[in-house]
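K.L.:
We have chain A already, so just place chain B on it with the hints.
Quick mapping for you: the protein sequence lines, in order, are chains A and B.
No gaps in the numbering here: position 223 of the first sequence is 223 in my numbering, and each next residue is one more.
No gaps in the numbering here: position 312 of the second sequence is 312 in my numbering, and each next residue is one more.
Just so you know, these hints were derived from the structure itself, not from any lab.
It is possible that part of the hints are untrue.
Where chains are identical, the list cannot tell them apart; a pair therefore holds if satisfied intra-copy or between any two copies.
[Said to hold, decoys possible] The list that follows gives simulated cross-link-like pairs (lysine to any residue, SDA-like), each with its CA atoms no further than 25 Å apart:
id, residue 1, residue 2
1, 278, 315
2, 19, 30
3, 15, 126
4, 376, 9
5, 19, 50
6, 15, 59
7, 17, 364
8, 278, 201
9, 376, 21
10, 15, 147
11, 376, 335
12, 278, 244
13, 15, 78
14, 376, 354
15, 15, 50
16, 17, 77
17, 19, 178
18, 19, 383
19, 376, 13
20, 15, 251
21, 278, 46
All figures in this text were calculated on a predicted structure; none of them were measured in a lab.
2 protein chains.
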Amino acid sequence: MSPIRRLVPLADEAKRKGKRVYHLNIGQPDIPTPREYLEGIRDARVEVLAYSPFQGLPEAIEAFRAYYAEYGLELSPEEILVTTGGSEAVLFALKVVCDPGDQVIVPEPFYPNYNGFARLSEVEIVPLTTSREEGFHLPPREEVERLITPRTKGILFSNPGNPTGAVYREEELSMLGELALRHDLFLIADEVYREFVYVGEHRSILSFPELRDHAIMVDSISKRLSACGARVGAIVSRNREVMAAIRRCAMARLSPPTLEQLGLVAFMAHPRHRQVLKGMVEEYRRRREVLAEGLSQVPGVTFQPPEGAFYMMLGLPVDDSEGFVRWMLTDFPGEETVMLAPGEGFYRTPGLGHDEARIAYVLNEWDLRRACQLLKEGLELYQEVAPKAPV
Amino acid sequence: MSPIRRLVPLADEAKRKGKRVYHLNIGQPDIPTPREYLEGIRDARVEVLAYSPFQGLPEAIEAFRAYYAEYGLELSPEEILVTTGGSEAVLFALKVVCDPGDQVIVPEPFYPNYNGFARLSEVEIVPLTTSREEGFHLPPREEVERLITPRTKGILFSNPGNPTGAVYREEELSMLGELALRHDLFLIADEVYREFVYVGEHRSILSFPELRDHAIMVDSISKRLSACGARVGAIVSRNREVMAAIRRCAMARLSPPTLEQLGLVAFMAHPRHRQVLKGMVEEYRRRREVLAEGLSQVPGVTFQPPEGAFYMMLGLPVDDSEGFVRWMLTDFPGEETVMLAPGEGFYRTPGLGHDEARIAYVLNEWDLRRACQLLKEGLELYQEVAPKAPV
Numbered sequence: 001m002s003p004i005r006r007l008v009p010l011a012d013e014a015k016r017k018g019k020r021v022y023h024l025n026i027g028q029p030d031i032p033t034p035r036e037y038l039e040g041i042r043d044a045r046v047e048v049l050a051y052s053p054f055q056g057l058p059e060a061i062e063a064f065r066a067y068y069a070e071y072g073l074e075l076s077p078e079e080i081l082v083t084t085g086g087s088e089a090v091l092f093a094l095k096v097v098c099d100p101g102d103q104v105i106v107p108e109p110f111y112p113n114y115n116g117f118a119r120l121s122e123v124e125i126v127p128l129t130t131s132r133e134e135g136f137h138l139p140p141r142e143e144v145e146r147l148i149t150p151r152t153k154g155i156l157f158s159n160p161g162n163p164t165g166a167v168y169r170e171e172e173l174s175m176l177g178e179l180a181l182r183h184d185l186f187l188i189a190d191e192v193y194r195e196f197v198y199v200g201e202h203r204s205i206l207s208f209p210e211l212r213d214h215a216i217m218v219d220s221i222s223k224r225l226s227a228c229g230a231r232v233g234a235i236v237s238r239n240r241e242v243m244a245a246i247r248r249c250a251m252a253r254l255s256p257p258t259l260e261q262l263g264l265v266a267f268m269a270h271p272r273h274r275q276v277l278k279g280m281v282e283e284y285r286r287r288r289e290v291l292a293e294g295l296s297q298v299p300g301v302t303f304q305p306p307e308g309a310f311y312m313m314l315g316l317p318v319d320d321s322e323g324f325v326r327w328m329l330t331d332f333p334g335e336e337t338v339m340l341a342p343g344e345g346f347y348r349t350p351g352l353g354h355d356e357a358r359i360a361y362v363l364n365e366w367d368l369r370r371a372c373q374l375l376k377e378g379l380e381l382y383q384e385v386a387p388k389a390p391v
Numbered sequence: 001m002s003p004i005r006r007l008v009p010l011a012d013e014a015k016r017k018g019k020r021v022y023h024l025n026i027g028q029p030d031i032p033t034p035r036e037y038l039e040g041i042r043d044a045r046v047e048v049l050a051y052s053p054f055q056g057l058p059e060a061i062e063a064f065r066a067y068y069a070e071y072g073l074e075l076s077p078e079e080i081l082v083t084t085g086g087s088e089a090v091l092f093a094l095k096v097v098c099d100p101g102d103q104v105i106v107p108e109p110f111y112p113n114y115n116g117f118a119r120l121s122e123v124e125i126v127p128l129t130t131s132r133e134e135g136f137h138l139p140p141r142e143e144v145e146r147l148i149t150p151r152t153k154g155i156l157f158s159n160p161g162n163p164t165g166a167v168y169r170e171e172e173l174s175m176l177g178e179l180a181l182r183h184d185l186f187l188i189a190d191e192v193y194r195e196f197v198y199v200g201e202h203r204s205i206l207s208f209p210e211l212r213d214h215a216i217m218v219d220s221i222s223k224r225l226s227a228c229g230a231r232v233g234a235i236v237s238r239n240r241e242v243m244a245a246i247r248r249c250a251m252a253r254l255s256p257p258t259l260e261q262l263g264l265v266a267f268m269a270h271p272r273h274r275q276v277l278k279g280m281v282e283e284y285r286r287r288r289e290v291l292a293e294g295l296s297q298v299p300g301v302t303f304q305p306p307e308g309a310f311y312m313m314l315g316l317p318v319d320d321s322e323g324f325v326r327w328m329l330t331d332f333p334g335e336e337t338v339m340l341a342p343g344e345g346f347y348r349t350p351g352l353g354h355d356e357a358r359i360a361y362v363l364n365e366w367d368l369r370r371a372c373q374l375l376k377e378g379l380e381l382y383q384e385v386a387p388k389a390p391v
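The following block holds chain A by itself, in its conformation from the complex (with noise of 0.2 Å):
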């Protein structure tokens, strides 16, 4: 069991005796759902909630393509195939990629789901350690090959990365891209941060004209706009194979969920879309300055400010992360307390992550300076009164 699920029926009880939790251990946005997209739903004309075709609605997937093309992403509508969410996109990934028994290397620390979808489809990640240091950049060359074995198929990673913050630089996805030519890998970048980018420029995986054979590029709205509930995603690829695969596997689910794509064909068709994106980058932008102040001001605490998505991962004074996450909910006095996601979650490598927490910065700006100020009282409190974690 992962350390969160551990942690959330201690918050749920802590909730239960009448304390204000502040939520900043779960990727779910608060942020209102754009209207544009909401209203698409409400206004579509549906009189016979009928099965989207499997690949998803042609307007759909044209919304898609007119979005990636907003990036420079000139793709045509075979490339793209609407998921029921990215969940399902990497799963797709995964399935086509390996049989089971196959490795793919993951950079760590990384979103704990991957190792679900792994799960499910019998493959074995493989992690790529990287650290806070190097604000989760990827390691040289070298030390990436060590870890391809007969049984590699793929490199999956997220970029814009959850929990890191890191947002690839060319060279390093380039030098992911001449590994994956040379040993005839798979790269499955997980792109649904793509808007959340504070710091430098994201690259597409499927920029990289080489690629076009080894490229997977898994997306969903989620994030963007705020519809995790939504249960729309893309995988798209250029590798006709890859795609026919994908088809295969989507054909037998029948389909992703029909309303939200129509949701998805009115926001795209909205003029005001393109500035509503951006509208929901600059609130996470102001909320990562508010956070990275805040947070200045908890002494022990260290990290780097991240440079996309809305996550990051924070170096605690503790070597315990999760006993102190626990020690937040079940002990810390008053009336209010703050949730973070243990760090050791998120890697794969056994003993990594127990001076780490993650934190989501899902939040209005007020309580996540609020919830700044518990974690320092917590943190002062704890290292005074409480048991010291086994050795």
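P.N.:
Just chain B, lined up with the frame of chain A:
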């Protein structure tokens, strides 16, 4: 490639040439989705379209619970998990019941998508042949038992049956139950057509107390609410270990779509919901009668009026039903034609189904009458002019 996938482009081509094609080949009903459901979605007060819990929204679980209670099935919330359509429920069931390489017995003819789910789960389908003459009811116990091997983990069946229309009698289900208990197999009952019963009575697999640890029920709102595009289904079992394993599968994919769960909540809270469901069934009952009457006037076709669901397997006076269906799309003269689903795609055993086709009565009464007329003319002409199929 399944026969139907080979034929769809021909139907598209016929339509491009201006021909009207009566589609009796698909399972997508034409009946409007009840406004009590669609308005439930439109009126949902959603500010942030957030993930639902992976098990489904508590109120959606309650809506399923209330629905089953109307059928005398008393279930606790932990025994119900909301899925992304019935498809995902079948997939989860296979995943949980089988390891790769295991077998499930499936009465044939069966819903062809079971092949896709089995492929995704690397499970082998062992067909149990049933016949049109017996109304596709189950053969004697010995014939089922003969198929059980050490690798058999379950028996998967749809009841009421797609494509057969068979509604299993209590003694048939008891027979399966005895085998399940004796050989420690799971019974996976796909009951998505529960509402659609015209002859006899439907018994849910969950109504057999002795099977509490062996029964898994698959459900969906797609058919009873004519809402295939909603992607809301459920998997239900009283076996705690099974439900725990299903929860692990479900966590990985995050959540089923939120709005369509809210639609169901509103629908079940509506005082007229039972009437609406009944009205839906009455519509299909009338169509079934129209179709039975229309088909009785087509020389050479054989069928038994189906007991449930909205399909029937038709015996055709041809020895290559795929060839006939193709000919109807490419060569049948006139401005209208009819498309059936060739029987072969519903069988696993090679050589079966070549003189059969599935009809879905998803058209209005007038169109059904016209389709029967076209079928009659088509068969007459085909038998005169069409080349004999190669032996």
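K.L.:
Hint by hint, say whether it matches the structure.
P.N.:
Now for the hints, and whether the structure bears them out:
Taking the closest pair of Cα atoms, residue 278 and residue 315 never come within 25 Å of each other, the shortest separation being 30 Å inside a single copy and 60 Å across copies. When the C-alpha separation of residue 19 and residue 30 is checked against a cutoff of 25 Å, the pair qualifies only within one copy, where the shortest distance is 20 Å, while the shortest distance between copies is 51 Å. Taking the shortest Cα distances, residue 15 and residue 126 never come within 25 Å of each other, neither inside one copy (38 Å) nor across copies (51 Å). Taking the shortest Cα distances, residue 376 and residue 9 sit within 25 Å of each other inside one copy (24 Å), while across copies they are farther apart (65 Å).
Within a single copy, residue 19 and residue 50 get their C-alpha atoms only as close as 45 Å, which misses the 25 Å cut-off; across copies the closest is 23 Å, which meets it. Taking the shortest alpha-carbon separations for residue 15 and residue 59, only the inter-copy value of 20 Å comes in at or below 25 Å, while the best intra-copy value is 44 Å. Taking CA atoms no more than 25 Å apart as the test, residue 17 paired with residue 364 passes inside one copy only; the shortest distance there is 24 Å, against 58 Å between copies. For the identical chains of this complex, residue 278 and residue 201 are intra-copy neighbours only, at 15 Å inside a copy versus 57 Å across copies, given an alpha-carbon limit of 25 Å.
In the homo-oligomer, the alpha carbons of residue 376 and residue 21 lie at most 25 Å apart inside one protomer (15 Å), although the nearest pairing across protomers, at 70 Å, exceeds that limit. Taking identical chains as interchangeable, the C-alpha atoms of residue 15 and residue 147 are never at most 25 Å apart, the minima being 44 Å within one chain and 54 Å between chains. Proximity of residue 376 to residue 335 under the C-alpha cut-off of 25 Å is restricted to the intra-copy arrangement: shortest distance 15 Å within a copy versus 77 Å between copies. With identical chains, the CA atoms of residue 278 and residue 244 are never at most 25 Å apart, being 34 Å at best within one copy and 42 Å at best between copies.
Taking the shortest alpha-carbon separations for residue 15 and residue 78, only the inter-copy value of 22 Å comes in at or below 25 Å, while the best intra-copy value is 49 Å. Taking the closest pair of Cα atoms, residue 376 and residue 354 come within 25 Å of each other only inside a single copy of the chain (18 Å); across copies the shortest separation is 74 Å, beyond that limit. In this assembly of identical chains, residue 15 and residue 50 lie within 25 Å of each other by CA distance solely across copies; the values are 20 Å between and 41 Å within a copy. Taking the shortest Cα distances, residue 17 and residue 77 sit within 25 Å of each other only across copies (24 Å), while inside one copy they are farther apart (53 Å).
Taking identical chains as interchangeable, the C-alpha atoms of residue 19 and residue 178 are never at most 25 Å apart, the minima being 52 Å within one chain and 52 Å between chains. Proximity of residue 19 to residue 383 under the C-alpha cut-off of 25 Å is restricted to the intra-copy arrangement: shortest distance 22 Å within a copy versus 79 Å between copies. For the identical chains of this complex, residue 376 and residue 13 are intra-copy neighbours only, at 23 Å inside a copy versus 68 Å across copies, given an alpha-carbon limit of 25 Å. Only between protomers do residue 15 and residue 251 lie at most 25 Å apart by alpha-carbon distance; the minimum there is 23 Å, versus 43 Å within a single protomer.
In the homo-oligomer, the alpha carbons of residue 278 and residue 46 lie at most 25 Å apart only across protomers (22 Å), although the nearest pairing inside one protomer, at 30 Å, exceeds that limit.
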